[in-house]
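With chain A's structure known, arrange chain B on it following the hints.
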Amino acid sequence: MATEAALTVLKNGGLVVYPTETLYGIGADATNSGAVKKLTEYKNRPFGKPYSIAVLDEKMAEKYVELNETAKNLYREFLPGPLTVISRGLHKVAPGVESEDGTLGIRIPDYKLVLNIVKKFGKPITSTSANASYKKRPYKISDILENISNKQKDLIDLIIDAGVLPPNDPSTVIDTTLDDPVTLRQGKIKLSVRDEILSKSEEATQNLAKELWQKYEKHKGKRAIVFAFQGEMGAGKTQFTKGLARAMGITDLVTSPTYALVNEYHGLTHIDAWRLEKSDELRALGFEDLIKNKSIISVEWAERVAETIREFDDEAIIIWVKIELGKKDNERKISWGVEE
Amino acid sequence: MKILAIDTSCDETAAAVTQDTKILSNVIWSQAAAHAKFGGVMPSLAKRMHEERIDWVVNRAIENGKCKMENLDCVAVTVGPGLSIALGVGVDKAKELAQKFNKKLIAVNHLEAHILSPLANLQITKSTNIKYPALGLVVSGGNTQLILIKKIGEYEILAQTADDALGEALDKGARMLGLGYPGGAILEKMAKLGDPKKYKLPVPIAGQENRKMFTYSGLKTAMNRLVESEKPLTKEKIYNLAATYQDVAFQHLIRIVRYCLIHNSSFKIHNLLVGGGVAANVELRKRLRKLGKEFGLSVHFPYSNKLTGDNAAMIAVAAFLNPKYVDPDKTDRDPQLKLSVI
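These protein sequences, in sequence, are chains A and B. According to this note's numbering, the first sequence is numbered sequentially starting from 11. According to this note's numbering, the second sequence is numbered sequentially starting from 12.
If you're looking for bench data, these hints aren't it; they were derived computationally from the structure. The reader is advised that the hints may include incorrect statements.
Listed below are several chain A residues computed to face chain B (Cβ distance under 7 angstroms; list not exhaustive) [stated by the list, open to error]: (1) 83; (2) 87; (3) 182; (4) 184; (5) 186; (6) 188; (7) 243; (8) 265; (9) 266; (10) 268; (11) 269; (12) 271; (13) 274; (14) 294; (15) 295.
The following residues of chain B were derived to be distant from chain A, with all beta-carbon distances above 10 angstroms [said to hold, decoys possible]: (16) 108; (17) 279; (18) 306; (19) 335; (20) 337.
All residues carry an ideal CB built from backbone N, CA and C; glycine is no exception.
Extracted from the complex, chain A is given alone in its bound form (with noise of 0.2 angstroms):
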């Protein structure tokens, strides 16, 4: 009964309030571009902010996100549940459904109701919470009724009322687009000179950082020096650079820049780039000008931004350092060399 109203207003392009394992959500067909027009001016925010949509499973989701392993594994182990996975969009919902950078989060809700309309309809609705913009998160109708103007009244076509919800928290969102094997295979390095050493202990990983420094201490000032890093989370990358402004005299403390993106040292720049998302990304942080400058850079996740370290190739002395974990437990293969 309610699925066949909640069908037709949805068919017509209107807004259904609807209850899920979490909280009160407000659906709208997130295919039609008129319908979420509607939804924006319902939740009274400005077109561009990004709407979740809610799919029956796996299957259906793969017809307007790209899922990488990472989100299959998610998707396998905890959905249906309170979880909205962020992919890469395909570009088949309306406008103003996917972010500005084209991802989209989808959520499969543990709900039965939810997931026979959207069966039944065939396609997402959104995924929503009925409250509209930094109002109360809704348990109940009343919640949402009594926040709102006449004006926004009017534009709900449907209210499926459940009664109170359990106080569950909303769904935890996950982005798994940095896991993107796209993004991780660009930028393979090729080297014409090449060293290798099996590090045992931290201080020898940082000795070999200080011999590193003396061999090409030479250009400071005549050429920008880069150390470009590569290696896994955990391989000891920060640990390195730690190991570098030593040897370079700096007393600073220095620490990850994986929050900040860059962090800036007397005499030292360190910049994280795993979460860039593009390599040309990295000319924003200021690259060009550090070039210009002659700056000492070190630069983490090396490879994510590869082919623009490599623009500066002359005006810049690249060193690439590759970090793996060894087999025991303080062991580090390094190798390194220098772009020619």
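Just chain B now, with coordinates in the frame of chain A:
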């Protein structure tokens, strides 16, 4: 004092209006509000997004605060630390508003705001009787710092991040488990379902707490090895690995805080203020409260989780409690700002 505050230190565009420490509005535009806080960033896009949103966010904050620009006393803004090009957007907007409406401008240190965030809504939180010196703990994506608050505005760092911040370490742990990024929040959920004793991970610098630092690089490496050895991962394994990793990460934090409490007992500290995104973690709260009991400390958290992650309400609170008036013509962002500078 009515303050409009702006924060654009990282991915969020945020504005808030406060009356003294009372929060009248707190608007945060991140994908998180409706959707997600993205792990990936495009600095050039981030700048553009801040620019596109700042007016809307500021207007919304004023509107929700039921006031007018004319009735405000001051404009406050985060000048650092943070992502340089992002900070610039907020600083420029604040300068523009201060000059246009002839308001005083207050420069705020984002870290100080996290420390003081538990003092928001003093009347409600009943923390009006906090005596100084007190202890401040910031646990966020960018920082882990334990600070001696001699009085508001006078700080001494007792211990700080040596490599990864706690929030960052949790996010990265989640990623190793294939939970996406940033995954600190989901790691917490998984950890609740798991058994922290199923696996063994080394507590960082256990027995060397006198080094007074928070370090997670070694734990990260050990976790990486452990996860690799346990592949293929099942749901059960993910729960237990998440529980173990989070448990050990918190154990380390608590050990360092305990060490610093013991070695600063001459200050007669009775209050601990905890701010930053990880302050929303229920398990961490539990452990800090337990530690508080042991040392006779009252532990204070922000009264709402909207004040734990990056937000502008805490900026306004810090601006009220420790106003640093600055000349708009001479004010600029300072991405590497340290706590003692402002």
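Evaluated hints:
For the restraint placing residue 83(A) at the interface with chain B, the shortest Cβ-Cβ distance is roughly 5 angstroms, inside the 7 angstroms limit, so the hint holds. For residue 87(A), the shortest C-beta to C-beta distance to chain B is roughly 5 angstroms, which falls under 7 angstroms, so the interface hint holds. The restraint placing residue 182(A) at the interface with chain B holds, with a minimum CB-CB distance near 5 angstroms, inside the 7 angstroms limit. Taking 7 angstroms as the C-beta cut-off, the interface hint given for residue 184(A) holds, the closest approach to chain B being about 3 angstroms.
Proximity of residue 186(A) to chain B holds as hinted, the smallest CB-CB distance being about 5 angstroms (cut-off 7 angstroms). A hinted interface residue such as residue 188(A) counts as satisfied when its beta carbon comes closer than 7 angstroms to some beta carbon of chain B; here the least separation is about 5 angstroms, so the hint holds. For residue 243(A), the interface hint holds, the least distance from its beta-carbon to any beta-carbon of chain B being 6 angstroms, beneath 7 angstroms. With a least beta-carbon distance of about 5 angstroms to chain B, the hint placing residue 265(A) at the interface is held under the 7 angstroms criterion.
Given the 7 angstroms rule on beta carbons, the hint for residue 266(A) holds: about 5 angstroms separates it from the nearest Cβ of chain B. Annotation: residue 268(A) was flagged as interfacial toward chain B, and the flag holds, the nearest CB pair being 5 angstroms apart, inside 7 angstroms. Look at residue 269(A): its Cβ gets to within about 4 angstroms of chain B, closer than 7 angstroms, so that hint holds up. At a threshold of 7 angstroms, the smallest CB-CB gap from residue 271(A) to chain B is about 6 angstroms, leaving the interface hint in force.
Hint status for residue 274(A): holds, given a least beta-carbon distance of 5 angstroms to chain B, under 7 angstroms. For the restraint placing residue 294(A) at the interface with chain B, the shortest Cβ-Cβ distance is roughly 4 angstroms, inside the 7 angstroms limit, so the hint holds. Annotation: residue 295(A) was flagged as interfacial toward chain B, and the flag holds, the nearest CB pair being 6 angstroms apart, inside 7 angstroms. For residue 108(B), the non-interface assignment is confirmed: its Cβ lies about 20 angstroms from the closest Cβ of chain A, beyond the 10 angstroms cut-off.
Consistency note on residue 279(B): stated as away from chain A, and its beta-carbon is indeed over 10 angstroms from all of that chain's, at 29 angstroms minimum. With a minimum CB-CB distance of about 27 angstroms to chain A, residue 306(B) clears the 10 angstroms threshold, and the non-interface call stands. Separation of residue 335(B) from chain A is adequate, the least Cβ-Cβ distance of about 22 angstroms exceeding the 10 angstroms criterion. For residue 337(B), the shortest C-beta to C-beta distance to chain A comes to about 21 angstroms, beyond the 10 angstroms cut-off, and the non-interface label holds.
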